[in-house]
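All chains should be built: construct the whole structure from the sequences, respecting the hints.
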Amino acid sequence: MPLIKIRDLHFYRGNRAIFEGVNIDIERGKVTAIMGPSGTGKTTLLKLIGGQLRPDKGTIEVDGQNVHKLSRSDLYELRKRMGMLFQSGALLTDLTVYDNVAFPLREHTNLPESMIRDLVLMKLQAVGLRNARNLQPAELSGGMARRVALARAVALEPMMIMYDEPFTGQDPISMGTLVNLIHRMNDAMGLTSIVVSHDVAETAEIADYIYLLSGGKIIEHGSPVQLRRSGSQWVQQFMQGLPDGPVPFHYAGPDFDEDLLKPEEYA
Amino acid sequence: MINLIRSLGRWGLGTFERLGRGHLFLLHILAGIPGLFLRFSLVIQQVYSVGVLSLLIILISGLFVGMVLGLQGYNTLVDFGAEESLGVLVSLSLVRELGPVVSALLFAGRAGSALTAEIGLMKSTEQLSGMEMMAVDPIRRVIAPRFMAGLISMPLLAAIFSAVGIIGAFLVGHGLLGVDDGAFWSQMQAKTDFYDDIMNGVIKSVVFGFVVTWIALFEGHDAIPTSEGVGRATTRTVVHSAFAILGLDFVLTALMFGDE
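If you read the sequences in order, they're chains V and C.
Residue 264 in my numbering is what sits at position 262 of the first sequence, and the numbering runs on without skipping anything.
Residue 236 in my numbering is what sits at position 178 of the second sequence, and the numbering runs on without skipping anything.
Some clues are possibly wrong.
What the hints assert, rightly or not - Okay, the calculated beta carbon distance ranges per label pair:
#1 V:171 - C:311: 55 to 61 angstroms
#2 V:18 - C:297: 32 to 38 angstroms
#3 V:259 - C:66: 45 to 51 angstroms
#4 C:74 - V:95: 32 to 38 angstroms
#5 C:282 - V:230: 40 to 46 angstroms
#6 C:66 - V:268: 44 to 50 angstroms
#7 V:159 - C:287: 55 to 61 angstroms
#8 C:72 - V:171: 33 to 39 angstroms
#9 C:79 - V:171: 29 to 35 angstroms
What the hints assert, rightly or not - Far from chain C, some chain V residues (derived; all Cβ distances over 10 angstroms):
#10 10
#11 90
#12 106
#13 124
#14 207
#15 245
Stated by the list, open to error - From the structure, some residues in chain V lie toward chain C, with a derived Cβ separation under 10 angstroms:
#16 84
#17 91
#18 164
Hints listed in this document are in silico derivations from the structure and should not be mistaken for laboratory results.
All of these numbers come straight from a predicted model, not from anything done at the bench.
For each residue, glycine too, the CB sits at the ideal point set by N, CA and C.
Now the structure itself:
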């Protein structure tokens, strides 16, 4: 049974449809990527899975529980077993790196401070930032902030972790570090990972399965190899990053020649 | 004409919706308050940033308001040969009215705006969302301690404001204008009632503290998570707080002293 089962998901913002009949299965122990152009609602999907937003129609089941039918306290119990890595890291700016990673442990357990220290140091060691523990979030680079957030997300040993655009705006070295960490964490801790991204090369490197989203629907899904061989022009354009194709380079509107013959528009 | 009615309707609906959300938000905060007694250190940290850091502006403003009150009061009273009553005039004006009102206005400008900006920025940097995803309720963990801190700090700040104001008036009245110090203090003691004057002033400052902190926290939590949105929310905090303080001051004064 998949860990996450999304069926016939519909979600609207005002009159604009973000999802129209999306079905997704996320298998346990695997890295599943959700990819698609900017503005297709990838982050929204994570918020729906985490129960921060409600779908207009359809169901989302996590570990057999319908997320949007749970009571508030049951939802919070479920969230303790879900980690989420926000694009910005979402570190608490008034706490040090150490206190940020200790935060979920202090909030949800009654462990003695000495044990919390050991756990925090272990998590920070895993992301290579044990010696940065006394820094403030403002002193970290973007990549470091995401690694700290990752250490914090796994502090409570969750069953799954959701990554929101983990590679955006990273230099090649921290990109490589993050790719490696996501892969390693998934295998070493027996996690299930969901990576939302539009960085094709990095994501395809670690993903076991990919869903391609566009215009509120799943356009294609399969392993990275299957997607590269897909016959769909749209999939080829996205996977290879071609500037023109089914998604046109030019914003829709009248023809250029036609426009040039209308000098009175701004006169 | 139709457009006017339509936009009026939209404005009305929007206002009532916000009012409703504000009250639900308040209920959520109040539900989180009992839990704070188990972790009172969270409140104490906030009393420092909300209350202690507002002390300087309260002390300086209190002193000057008191000094001006001393000067103005003396000039009026001396015409009637009643300058010995300066102490009563100053203490009643400060304790009943100026202490709670002016310190609440200063509190809204200093601490209220800071609270809105802080919460608004926490929202725009996804810190509140992040907490929710860590199964920590941000209203209980972040908002409720700040609310409690505002409620504790405001009456204390108002009391300090009044006390410093009275000292300021004494310095001017006795030191500069030569009002007899015995008369100044003894008349003040005789004519200032603990329940009618001091406690009513304290009640006012508790109400103002409640309302200002509520407005500040709600505006921050409800802000559009962009720099422009947070900026607007901060402005709204100061403006709405000022209206609320002055409006409620009239209502409370009418209830407390209206039948005398």
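Checked hints:
1. Evaluation of the 55 to 61 angstroms hint for residue 171 of chain V and residue 311 of chain C yields a pass: the beta carbon distance comes to about 56 angstroms.
2. One distance hint, 32 to 38 angstroms for the beta-carbon pair residue 18 of chain V and residue 297 of chain C, holds here, with the actual separation near 33 angstroms.
3. For the hinted restraint 45 to 51 angstroms between residue 259 of chain V and residue 66 of chain C, the CB-CB distance of approximately 47 angstroms keeps it satisfied.
4. Look at residue 74 of chain C against residue 95 of chain V: about 35 angstroms separates their beta carbons, and that is inside 32 to 38 angstroms.
5. Taken as a hint, the range 40 to 46 angstroms holds for the pair residue 282 of chain C and residue 230 of chain V, whose Cβ atoms sit roughly 41 angstroms apart.
6. For the pair residue 66 of chain C and residue 268 of chain V, the supplied restraint of 44 to 50 angstroms is violated, since their beta-carbon distance comes to about 36 angstroms.
7. Distance hint for residue 159 of chain V and residue 287 of chain C: a CB-CB separation of about 37 angstroms, inconsistent with the stated range 55 to 61 angstroms.
8. A C-beta distance of roughly 36 angstroms is found between residue 72 of chain C and residue 171 of chain V, which places it inside the suggested range of 33 to 39 angstroms.
9. About 34 angstroms separates the C-beta atoms of residue 79 of chain C and residue 171 of chain V, a value consistent with the hinted range of 29 to 35 angstroms.
10. At roughly 25 angstroms, the least C-beta separation between residue 10 of chain V and chain C is larger than 10 angstroms, which holds for a residue marked as non-interface.
11. The non-interface label for residue 90 of chain V is inconsistent with chain C: the shortest C-beta to C-beta separation is roughly 5 angstroms, within 10 angstroms.
12. For residue 106 of chain V, the requirement that its beta carbon stay farther than 10 angstroms from each beta carbon of chain C is not met, with the minimum near 5 angstroms.
13. For residue 124 of chain V, the condition that its CB be more than 10 angstroms from all CB atoms of chain C holds, with the nearest at approximately 18 angstroms.
14. Listed as outside the interface, residue 207 of chain V is consistent with that label: its C-beta sits roughly 26 angstroms from the nearest C-beta of chain C, beyond the 10 angstroms cut-off.
15. For residue 245 of chain V, the condition that its CB be more than 10 angstroms from all CB atoms of chain C holds, with the nearest at approximately 30 angstroms.
16. Because the beta carbon of residue 84 of chain V sits about 7 angstroms from the nearest beta carbon in chain C, less than 10 angstroms, this interface hint is met.
17. Among the interface hints, the one on residue 91 of chain V holds; its C-beta lies about 8 angstroms from the nearest C-beta in chain C, closer than the 10 angstroms criterion.
18. A cut of 10 angstroms between beta carbons decides the hint on residue 164 of chain V: the least distance to chain C is about 8 angstroms, and the hint holds.
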